[in-house]
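Peer 1: Kindly produce the complete structure, drawing on both the sequences and the hints.
Chains as they are written, first to last, in the UniProt record's numbering: chain S, 1 to 417; chain G, 1 to 483.
Don't read these hints as lab results, they were simulated from the structure.
Model, not experiment: these values are computed from the prediction.
For every residue, glycine included, the Cβ atom is placed at its ideal position computed from N, Cα and C.
Check the hints yourself; a few may be wrong.
As the list claims (entries may be wrong) - Pair by pair, the computed Cβ-Cβ distance ranges are: (1) G:Glu-51 x S:Ala-310: 28 to 38 angstroms; (2) G:Gln-25 x S:Glu-51: 54 to 64 angstroms; (3) S:Gln-266 x G:Glu-313: 24 to 34 angstroms; (4) G:Pro-269 x S:Pro-393: 34 to 44 angstroms; (5) G:Glu-313 x S:Glu-293: 57 to 67 angstroms.
Here's the letter readout for the chains.
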Amino acid sequence: MNATAAITREEAMVRLAAIAGPADTRIDGDAICVAPGSTEQIAEVLRFANECGLSVVPTGSGSKLGWGNPVAPELFLGLGRVNAVREHAWQDMTCTVEAGCAWAAMQSELARHGQMVALDPLWPERATVGGVLAANDSGALRLRYGGLRDLVIGMTMALADGTIAKSGGKVVKNVAGYDLHKLMTGSFGTLGVITEVNFRLHPVEQCARTFTVGAQYGAQLAGPLAELLHAQIAPSAVQLRTAAGQCALDVRLCTRPECLDGLTDQLRKIFNGMAVQEVDGRVWQAREQLFCEAGATVVKGSLLPAELCATADDLKETAVAKSVDVSIVAQATGLMTAALADRRGAERDSIVTMIEQLRERLRPSGGSVVILQTPDALRGKIDVWDCRSDALPLMREIKRRFDPNRTLSPGRFVGGI
Amino acid sequence: MLPHGQIDELRAAVGAGGLITAESQLQTYECDGLTNFRVLPGAVVLPQTIEQVQAVVRICARHKIPFVSRGAGTGLSGGALPAAGGVVISLARMNRILDVDIANRYVIVEPGVINAHVTQRVAADGYFYAPDPSSQSVCTIGGNVAENSGGAHCLKYGFTVTHTLALEVVLPSGELAHFGSPTLDAPGYDLAGVFVGSEGTLGIATKVTLRIVRRPEMVQTLLAAFPTPSAAGQTVSDIIAAGMLPAALEIMDTLAIEAAEAAVHAHYPKCGGLLLVELDGACDEVEILMREVRAIAEKNGAAEIRVAQSEAERALIWKGRKAAFAAVGRISPNYIVQDGVIPRTALPRVLADIERMSGAVNLRVANVFHAGDGNLHPLVLYDRSIEGQEEIALDLSYRILNLCVDNGGSITGEHGVGKEKQQALGYMFAEPDLETMQLVRCAFDPESLSNPDKVFPRPRLCADKPGPYTPHPLETAGVAEIF
Ligand SMILES: Cc1cc2nc3c(=O)[nH]c(=O)nc-3n(C[C@H](O)[C@H](O)[C@H](O)COP(=O)(O)OP(=O)(O)OC[C@H]3O[C@@H](n4cnc5c(N)ncnc54)[C@H](O)[C@@H]3O)c2cc1C
Numbered sequence: 001m002n003a004t005a006a007i008t009r010e011e012a013m014v015r016l017a018a019i020a021g022p023a024d025t026r027i028d029g030d031a032i033c034v035a036p037g038s039t040e041q042i043a044e045v046l047r048f049a050n051e052c053g054l055s056v057v058p059t060g061s062g063s064k065l066g067w068g069n070p071v072a073p074e075l076f077l078g079l080g081r082v083n084a085v086r087e088h089a090w091q092d093m094t095c096t097v098e099a100g101c102a103w104a105a106m107q108s109e110l111a112r113h114g115q116m117v118a119l120d121p122l123w124p125e126r127a128t129v130g131g132v133l134a135a136n137d138s139g140a141l142r143l144r145y146g147g148l149r150d151l152v153i154g155m156t157m158a159l160a161d162g163t164i165a166k167s168g169g170k171v172v173k174n175v176a177g178y179d180l181h182k183l184m185t186g187s188f189g190t191l192g193v194i195t196e197v198n199f200r201l202h203p204v205e206q207c208a209r210t211f212t213v214g215a216q217y218g219a220q221l222a223g224p225l226a227e228l229l230h231a232q233i234a235p236s237a238v239q240l241r242t243a244a245g246q247c248a249l250d251v252r253l254c255t256r257p258e259c260l261d262g263l264t265d266q267l268r269k270i271f272n273g274m275a276v277q278e279v280d281g282r283v284w285q286a287r288e289q290l291f292c293e294a295g296a297t298v299v300k301g302s303l304l305p306a307e308l309c310a311t312a313d314d315l316k317e318t319a320v321a322k323s324v325d326v327s328i329v330a331q332a333t334g335l336m337t338a339a340l341a342d343r344r345g346a347e348r349d350s351i352v353t354m355i356e357q358l359r360e361r362l363r364p365s366g367g368s369v370v371i372l373q374t375p376d377a378l379r380g381k382i383d384v385w386d387c388r389s390d391a392l393p394l395m396r397e398i399k400r401r402f403d404p405n406r407t408l409s410p411g412r413f414v415g416g417i
Numbered sequence: 001m002l003p004h005g006q007i008d009e010l011r012a013a014v015g016a017g018g019l020i021t022a023e024s025q026l027q028t029y030e031c032d033g034l035t036n037f038r039v040l041p042g043a044v045v046l047p048q049t050i051e052q053v054q055a056v057v058r059i060c061a062r063h064k065i066p067f068v069s070r071g072a073g074t075g076l077s078g079g080a081l082p083a084a085g086g087v088v089i090s091l092a093r094m095n096r097i098l099d100v101d102i103a104n105r106y107v108i109v110e111p112g113v114i115n116a117h118v119t120q121r122v123a124a125d126g127y128f129y130a131p132d133p134s135s136q137s138v139c140t141i142g143g144n145v146a147e148n149s150g151g152a153h154c155l156k157y158g159f160t161v162t163h164t165l166a167l168e169v170v171l172p173s174g175e176l177a178h179f180g181s182p183t184l185d186a187p188g189y190d191l192a193g194v195f196v197g198s199e200g201t202l203g204i205a206t207k208v209t210l211r212i213v214r215r216p217e218m219v220q221t222l223l224a225a226f227p228t229p230s231a232a233g234q235t236v237s238d239i240i241a242a243g244m245l246p247a248a249l250e251i252m253d254t255l256a257i258e259a260a261e262a263a264v265h266a267h268y269p270k271c272g273g274l275l276l277v278e279l280d281g282a283c284d285e286v287e288i289l290m291r292e293v294r295a296i297a298e299k300n301g302a303a304e305i306r307v308a309q310s311e312a313e314r315a316l317i318w319k320g321r322k323a324a325f326a327a328v329g330r331i332s333p334n335y336i337v338q339d340g341v342i343p344r345t346a347l348p349r350v351l352a353d354i355e356r357m358s359g360a361v362n363l364r365v366a367n368v369f370h371a372g373d374g375n376l377h378p379l380v381l382y383d384r385s386i387e388g389q390e391e392i393a394l395d396l397s398y399r400i401l402n403l404c405v406d407n408g409g410s411i412t413g414e415h416g417v418g419k420e421k422q423q424a425l426g427y428m429f430a431e432p433d434l435e436t437m438q439l440v441r442c443a444f445d446p447e448s449l450s451n452p453d454k455v456f457p458r459p460r461l462c463a464d465k466p467g468p469y470t471p472h473p474l475e476t477a478g479v480a481e482i483f
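Peer 2: In structure tokens form, the structure reads like this:
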């Protein structure tokens, strides 16, 4: 326990075990890991930690624990035991899920009635609902279905002082009260612990086909991409991939079976003269693979959609000049994930320079680059968050109101929140 | 009336042409679309620039004068109702479309821009602005943002929040802040997401970046006449269960049909429950789906099915639907518009309860719903000249909202809580929920100056919660950004 804690570790263990049960309270390295079994227990753990000055990081499976600024809390609050799909009102196309439920486990439950939460986050087998929300992750489906802001319709959360609060509800259309769930989404566990989530659902995509078009440069794909998005094809997902110097554009079409051939013809016309190949749906997992490259720095870029291809080309070119390997998976929405690995060793600053240049490039149009994963050698050399917002004082004030003792994930978020 | 000194300051901020203090003129601003609540403001200002808005808000902050922003005043929950003796800040003169970026599918507008003008501006390029409140030819984007307004087409396209990428906001301190970005997922809390729907209580939006959507290749609209609203409701459920997401699914009951007919002669079939289904998308897909919709409607006993054969026919169908509220004025001297939401499947049960409840007090209720998302607009008809009837009607309308909550729904789907439903919000949310929402309010507006005494059931003070706050040392040193 650090100097500010008003309690010894042994005392804390006893108190926590009394709340969550001894089997779910253990010591791991410098921290205590506790896994409460209900929203009420989560709230009790928080109240206790908050009173005793113990810092807390909520965790699902820990798949994105490395995102944001590093935090070494006294307490890891695991959501693993609150993991049920509480309700699937399939006729109303809504569901209520506990935050510790793995994304894929939730989806397979919903699939029994042919429905899904229309979002494809990273590592669905492991990533929990709460973690996906806290990190505001999203994948290629966002083009058609929107992000979590559009899919989450209600939430239960526990605040640092043990308050349990709800916002939204179980109906899709609802403007009663402030949408606290929108504030919690993407807040990286700094305002409260998400314990339960209500989603709106969509039918599982029945008849989907994926096509790929290859090119040497993004620039060759920019025109057809713009045309594709303007056409009446309404693809459910589109991503630009670059790896080993080559580019590819993946397009998923999803419509009634009778209409698929017509759409495919239109697609071929748009890519007039280029080879349009039907491929396996696994290309949509390309984003995950970026995180597997050993020693790579992985960033999330927010770009204007029309800047995608040129930005990817630019990044590729700089990378060659700096002996950096770069792989990119970018959604047509303008969200880009890029992995950068320096062939001549992680301690060189070339990646830092590249990220800074990219930030400069995107700044004028409001874009940003956030570092998701980076080797220790680069940590501290560059700001993880690229937040230049004049709303930062307001964000700090919100944090202060929600968590005055800085109990929750202190320092993890933008501006040291 | 405000003290002379304060009036002088306001005049200096917006110029004499931007200030209203004469009582006869102030009366124009004493209510919004919910006309049974009226309060005379101390002054009305009509700023034309962001700097003027800031200057006015700073004056209010300095003297602790409550202020209420106002768009077109079409709100139906008393959101733009002035604070007694406070300042009304009308954004009507800030009505320029500042930027149109078709390649990136967004527009940047000032808050006083009329909703329909956004679509008009981008229509030639094949785009439209999706949220379409029935009031869209007059209501403003600022008001839409504050209410998170919807419309008939939000079933498929989402609400104002779905289409709001970024906001420029004058905070209740007078400071300017920017939320979100034209690019997705700007780092930091999603303050744009929180501000949309906050009903003018968190500050004033002075610039809004809106997403625009590609206009679909084909739109088809079908009318199906059913013996009861419940049969129409079952059809809605079946359409959705078949995996379709129509652009709109609307139901009107006999009274609403009668009213709409009287007002705009939409040539609706006479029936117990009229269903309007609109499908849009690529031509061949729409045609296939329309056949499926027809089959479902027939299965559920539709007596008559019509598909609009021309754009003019389609427009007429919508004209009748969009005129429904006002049209009710033709069959009743007075009426109350309510805005509850229920899970779709609860529709038959809730309709039966409403019928029973209205029968018990001898009042008529006309029903218009955005059925696809369970958003009911019960219109409680009454006659103010009959003593005591207004109270009975109001009471009935609030009990209908409670009924919606009891059935797992909400007290408002698009009109907002405002002044009208403050108590109902307390029925829907528990005290800890409201306290937590209040934390947000206090972070934005510690003095509760921006649209005070709205939304929440009772006035609250922003006293800090107990517990010492010590700034992080790095924060005090100003280096918090880099660790
Ligand atoms: C006939 C009729 C039909 C309607 N149909 C629909 C419908 O289908 N769907 C729907 O959602 N609504 C509907 N409404 C309600 C109303 O039109 C909407 O709520 C609309 O968004 C209000 O816009 P306004 O410009 O009139 O705002 P106002 O009524 O002037 O203000 C509404 C609220 O917004 C705040 N506000 C205004 N401007 C700003 C700003 N710049 N920054 C911060 N806060 C601001 C005000 O303080 C107030 O709280 C209807 C109303 C009528 C009269």
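Peer 1: Now, for every hint given, state plainly whether the structure supports it.
Peer 2: Now for the hints, and whether the structure bears them out:
The supplied range of 28 to 38 angstroms is met by G:Glu-51 and S:Ala-310, whose beta-carbon atoms lie about 36 angstroms from each other. Range check, G:Gln-25 to S:Glu-51: Cβ separation about 56 angstroms, and the 54 to 64 angstroms hint holds. S:Gln-266 and G:Glu-313 have their C-beta atoms about 29 angstroms apart, which keeps the hinted 24 to 34 angstroms range intact. Checking the proposed 34 to 44 angstroms range against G:Pro-269 and S:Pro-393 shows it is violated: the Cβ atoms sit about 59 angstroms from each other.
Checking the proposed 57 to 67 angstroms range against G:Glu-313 and S:Glu-293 shows it holds: the Cβ atoms sit about 59 angstroms from each other.
Going through the hint list in order, the structure does not satisfy hint 4, though it satisfies all others.
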